[in-house]
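K.L.:
In case you want the letters, here they are:
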Amino acid sequence: MDNPVFQHIMNGDIEAYSGLYKEYYKRFYNYGRKFTSNTHLIEDSIQEVFLDLWNRREKLSHVESPNFYLYSSFRYVLIKKIRQHDKMVFNQSAEEEHEFSIEHVIVSHELNEEMQVKLQKAIKTLTGRQLEAIFLRFYENLSYKEVASILNISVKATYKIMARSLLALKEKVMFFLFLC
Amino acid sequence: MKKESIAQKYVHYKENDFLTDPYFQEWVYQPSADSEQFWQEVINAVPQQRETIENARTYLRNITFTTHTPSNEEVEASWERHFQAIQASRPQPAETTRVHSIRRRALLRIAAAVAAIILAAGAYLVLNNNNEQLVASTGFGEIRQITLPDGSRVDLNANSKITYRKNWKKGKEREVWLEGEALFQVSHLNRDTNRIQAGEKFLVHTKDITVTVLGTVFDIRQRRLKTEVVLQSGKISLHFSNGQKPDIIMEPGQLVAYNEADQQLITAGASPEKFTAWKEQKLILQDPKVHDILSYLEDNFGKKIIMENKELNNRTVNGPILISSLDDALFVLSTVLNTEVIKRDSNTILLRDREGQ
Chain A
1 MDNPVFQHIM NGDIEAYSGL YKEYYKRFYN YGRKFTSNTH LIEDSIQEVF LDLWNRREKL
61 SHVESPNFYL YSSFRYVLIK KIRQHDKMVF NQSAEEEHEF SIEHVIVSHE LNEEMQVKLQ
121 KAIKTLTGRQ LEAIFLRFYE NLSYKEVASI LNISVKATYK IMARSLLALK EKVMFFLFLC
Chain B
1 MKKESIAQKY VHYKENDFLT DPYFQEWVYQ PSADSEQFWQ EVINAVPQQR ETIENARTYL
61 RNITFTTHTP SNEEVEASWE RHFQAIQASR PQPAETTRVH SIRRRALLRI AAAVAAIILA
121 AGAYLVLNNN NEQLVASTGF GEIRQITLPD GSRVDLNANS KITYRKNWKK GKEREVWLEG
181 EALFQVSHLN RDTNRIQAGE KFLVHTKDIT VTVLGTVFDI RQRRLKTEVV LQSGKISLHF
241 SNGQKPDIIM EPGQLVAYNE ADQQLITAGA SPEKFTAWKE QKLILQDPKV HDILSYLEDN
301 FGKKIIMENK ELNNRTVNGP ILISSLDDAL FVLSTVLNTE VIKRDSNTIL LRDREGQ
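Those protein sequences? They're chains A and B, same order as listed.
The working numbering numbers the first residue of the first sequence as 1 and each following residue consecutively.
The working numbering numbers the first residue of the second sequence as 1 and each following residue consecutively.
These are calculated hints, taken from the structure and not from any lab test.
The beta carbon of each residue, even a glycine, is placed where N, CA and C say it ideally should be.
Incorrect hints may have been included.
What the hints assert, rightly or not - Result set (DMTMM-like, lysine to aspartate or glutamate): computed pairs, CA atoms no more than 20 angstroms apart in a straight line: (1) A:Lys124 <-> B:Glu15; (2) A:Lys121 <-> B:Asp328; (3) A:Lys121 <-> B:Glu15; (4) A:Lys22 <-> B:Glu76; (5) A:Lys80 <-> B:Glu51; (6) B:Lys289 <-> B:Asp345; (7) A:Lys118 <-> B:Glu15; (8) A:Lys81 <-> B:Asp17; (9) A:Lys124 <-> B:Asp17; (10) B:Lys166 <-> A:Glu43; (11) A:Lys22 <-> B:Glu73; (12) A:Lys124 <-> B:Asp21; (13) A:Lys87 <-> B:Asp345; (14) B:Lys279 <-> A:Glu64.
Claimed, not checked - What follows is a set of in silico ranges between Cβ atoms, one per label pair, in the way DEER data are often shown: (15) A:Thr39 <-> B:Gly253: 35 to 43 angstroms; (16) A:Ser149 <-> B:Gly253: 45 to 53 angstroms; (17) A:Tyr139 <-> B:Trp177: 36 to 44 angstroms; (18) A:His109 <-> B:Asp345: 37 to 45 angstroms; (19) B:Thr210 <-> A:Tyr139: 46 to 54 angstroms; (20) A:Glu99 <-> B:Glu54: 25 to 33 angstroms.
Stated by the list, open to error - Residues from chain B that keep clear of chain A, each with C-beta distances beyond 12 angstroms, as calculated: (21) Lys9; (22) Pro22; (23) Trp39; (24) Glu74; (25) Gln87; (26) Ala136; (27) Thr206; (28) Arg224; (29) Lys226; (30) Gly243; (31) Gln244; (32) Ile266; (33) Gly269; (34) Ala270; (35) Asn313.
Here chain B stands alone, though its shape is the one from the complex (with noise of 0.2 angstroms):
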């Protein structure tokens, strides 16, 4: 550059300029001949700049960033909920058997990487306590998906938790604790539904109702003083954890609504589809009053939702509601019931009817 463009070109740059200058700011941090060559010729073609360009210099020389380091521990916990993710994304045994014959060396390739993935697993058994327990909680809002270490998935929606051992031994039950909602697809370890074997359970408890598996999809949702549990597929039954009522053993499109404060049991016919639409962001209760819409957002969400118009609170909705956000979710109730929204501070909305109509 010849130096009356150089003048041109830096005569009127700022501090902040040449901050942000990439070839200024390798001149700084990573300085070359090429680069000092450059940056004396542009002090010597505008030395009225000089005090600015050592400014700049000195600047960027004590701008450093805070470090935030995980844990050890937090790397290797994460590093084996991505394993267990990658093992679980394998092709399923049960699938490939009945192209065996066909592929037999693409499944010398798979046998290869399963005794890798076995060693390795194996290695780092020896180095953990065995009985640790894992946590996976969502917070108001957020919706989940957690692959347990059989490879069974778990849907975990807004606001719950569920609790498991770290390391799950084979021939042992397979238990999971949970507070809240979660649909759960589980593994099959055995097809013979008949010939439970103690060791291929799974077990999902709540406070009041232990749901016993083989291999299926269901969904419990535990709120408040009720536990729902809807049966998409394959076979569960339930315990209560009271003795009081006798096992159900659920067949799919079943559901079954527990309430802890009468010890109420409803048994009904449900669409598994509708009562697990949250998954995709949609909520879809059967025959829902605008109470039971309202609680189920303010356990979701977090927030306290009033009805000023408590005769409301007894009109049933249907259809889908989108519940990607609260904010989405109150814009179409509202709409409905032809109320405005209005946020009191920020834990409480109240839900008023709207004036002039």
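So that you can see chain A by itself, here it is in the shape it has in the complex (with noise of 0.2 angstroms):
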């Protein structure tokens, strides 16, 4: 348990939890906006995660990295969150994979216009996947272990929201024999 205030929030100390729930809310937001530029689904995705949160309080102790936790579930959350969305308005680009957009990395201005050019064309080589992990590594200071896992943890949640779909389909193909 590396985080004071988790445990503060363990005995139920709601002063603790506010001051967590606004610094996780400010972070959050900044890296949602990264994938997202529809802050509702941003704003409900925190709201899920911290509920749950706090709803399990009681059995946090076993969470080795609070930090970790957080920004898994968030990532998880808002995903499928923005998924489902997009289902929903009829999105043409629907099956787009959903990735950290390389259009929030600044090139410094500092650089040369050759250099800026060549940095340019070097970050477009770069997968969403591999300048998140830049992000969260040096920007919002994990380890590199654990932004291995966040981003593993995303490959599984493909895998749920597959089998989810299928058994819409199952569904669907129910409707019609009951139809018959």
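Fit chain to chain and form the complex, with the hints in mind.
P.N.:
Dropping the structure here:
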């Protein structure tokens, strides 16, 4: 348990909890915006992650790294919500992979023009996941191991989503049987 | 690592291989004596890579990310919503009454937590304007759950909006304004339904009707010129804004539909579970004509849907329709009606009879 604030929360200390919520709200808002500009989805995801945290606060003692726990839950929930939302609003590009967007990478203006162009090109060869790893590791201070497992979790999530759509398809087939 | 194996590993590295190598990143962002020594060795082992390495290093040092910062008001508003949600998820006092004597110790602990919560809430009230309005809305195809200041829950269907005051004072009527459709689960303030105090009332206003509630579950669907109310449990009364119709006291399982155009009022039996099936992303209307289903989909997903063969509009399609997405719903419908779905442009969808039938 590396975070004393978590200890307070387990004891039901609402003031400590409020501080933690607000701190992570800012961080996750920033992180989430790299995936979507829909702030409703980000807000809903943060609410969901923290409601779950609060409801399970008495069982948190096994959580080794609260920071990792929160980041991985948030990423999982947000990506899930973005996918659901795209599906529902009939988005033509719904098939696209939801990744950390390259448009949020800034190239320093201190470089000379030639290097700026080269760097822009180099960035384009990186995947969203690779950029996200840099962001999490060096801007959000997660450990290398944590970053790796956060990005792995999303792979599992993809399988879950696939399983769910198969289930939906089955439901449809049942409905036709019912009609005939 | 030996010099040869280092050479072997890094001789074929391109710029982006270095960029994505965790240990290389480590060296650039958080250099240590170890990493410094290691990468110097690499440069010595494969001098032809010196420029690539230096470029990669410059690149990494010059990458940053856009910062998105929410305003303080957004952070505070979000915390307040969350605070209400965790309060609402507390066990209901009514349910704990019976176990008082057995769980006295547990209760004492709960009491302490509640006191802390009330204190924090009190401090917050002082700092905030009491009359501020909160708005919760959903886009096309989106469903949201909202917890109101008194712990009542609202499931807001797609393309809908509720407005309510930020702070609800005890002893004052609780009021919500609705456009679109929502399912309300209202918290009880009093269990005696025959003696409703003014301060225990919960009011939902649409443009034509006001629903007065004590504590109950009901669905209001106000779309275009029509308002429909279905009561699942409890007791509510309806008041018509134009004063032309007398108030109606509704019983569970009843549906009241009012049409603004002809001021027609219909009362019927309804299955509340079916009416509110949208919560489970299914659409179940009562003896729905294709025309009704298409109107519903238009209202909820924001697309214009044109049925080419007008005769089909009057066909009845029973059974649940999956409305998790417009694609899903149209797929089911078009299969039943034997039409094809043509996306004419981004906002218009055409249903056309399948040829050669």
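K.L.:
Against this structure, judge whether each hint is valid.
P.N.:
Here is what the structure says about each hint:
1. A:Lys124 <-> B:Glu15: Between Lys124 of chain A and Glu15 of chain B the Cα gap is close to 12 angstroms, so the pair holds against 20 angstroms.
2. A:Lys121 <-> B:Asp328: violated, 40 angstroms
3. A:Lys121 <-> B:Glu15: holds, 11 angstroms
4. A:Lys22 <-> B:Glu76: holds, 8 angstroms
5. A:Lys80 <-> B:Glu51: violated, 42 angstroms
6. B:Lys289 <-> B:Asp345: violated, 25 angstroms
7. A:Lys118 <-> B:Glu15: holds, 11 angstroms
8. A:Lys81 <-> B:Asp17: Not OK: Lys81 of chain A and Asp17 of chain B at ~32 angstroms, beyond 20 angstroms, violated.
9. A:Lys124 <-> B:Asp17: Satisfied, since the Cα-Cα distance of roughly 13 angstroms is no more than 20 angstroms.
10. B:Lys166 <-> A:Glu43: Roughly 18 angstroms separates the two Cα atoms, so the pair holds.
11. A:Lys22 <-> B:Glu73: Status holds; Cα separation ~11 angstroms.
12. A:Lys124 <-> B:Asp21: Holds: Lys124 of chain A and Asp21 of chain B sit about 16 angstroms apart, inside 20 angstroms.
13. A:Lys87 <-> B:Asp345: With a Cα-Cα distance of about 18 angstroms, the restraint between Lys87 of chain A and Asp345 of chain B holds, given a limit of 20 angstroms.
14. B:Lys279 <-> A:Glu64: violated, 37 angstroms
15. A:Thr39 <-> B:Gly253: 35 to 43 angstroms: holds, 40 angstroms
16. A:Ser149 <-> B:Gly253: 45 to 53 angstroms: Hint holds: Cβ distance 51 angstroms, inside 45 to 53 angstroms.
17. A:Tyr139 <-> B:Trp177: 36 to 44 angstroms: holds, 42 angstroms
18. A:His109 <-> B:Asp345: 37 to 45 angstroms: 41 angstroms Cβ-Cβ, so the 37 to 45 angstroms window holds.
19. B:Thr210 <-> A:Tyr139: 46 to 54 angstroms: The hinted range 46 to 54 angstroms holds for Thr210 of chain B and Tyr139 of chain A, with Cβ atoms some 52 angstroms apart.
20. A:Glu99 <-> B:Glu54: 25 to 33 angstroms: holds, 29 angstroms
21. Lys9: Check passes; 18 angstroms lies beyond 12 angstroms.
22. Pro22: violated, 5 angstroms
23. Trp39: holds, 17 angstroms
24. Glu74: violated, 8 angstroms
25. Gln87: Answer for Gln87 of chain B: violated, closest chain A Cβ roughly 10 angstroms.
26. Ala136: violated, 10 angstroms
27. Thr206: holds, 23 angstroms
28. Arg224: For Arg224 of chain B, whose nearest Cβ neighbour in chain A is about 21 angstroms away, the distance exceeds 12 angstroms, so it holds.
29. Lys226: holds, 24 angstroms
30. Gly243: holds, 38 angstroms
31. Gln244: Consistent with the label, Gln244 of chain B stays out of reach of chain A, its closest Cβ about 39 angstroms off (over 12 angstroms).
32. Ile266: holds, 28 angstroms
33. Gly269: holds, 23 angstroms
34. Ala270: holds, 21 angstroms
35. Asn313: Given a closest Cβ separation of 19 angstroms, the condition holds.
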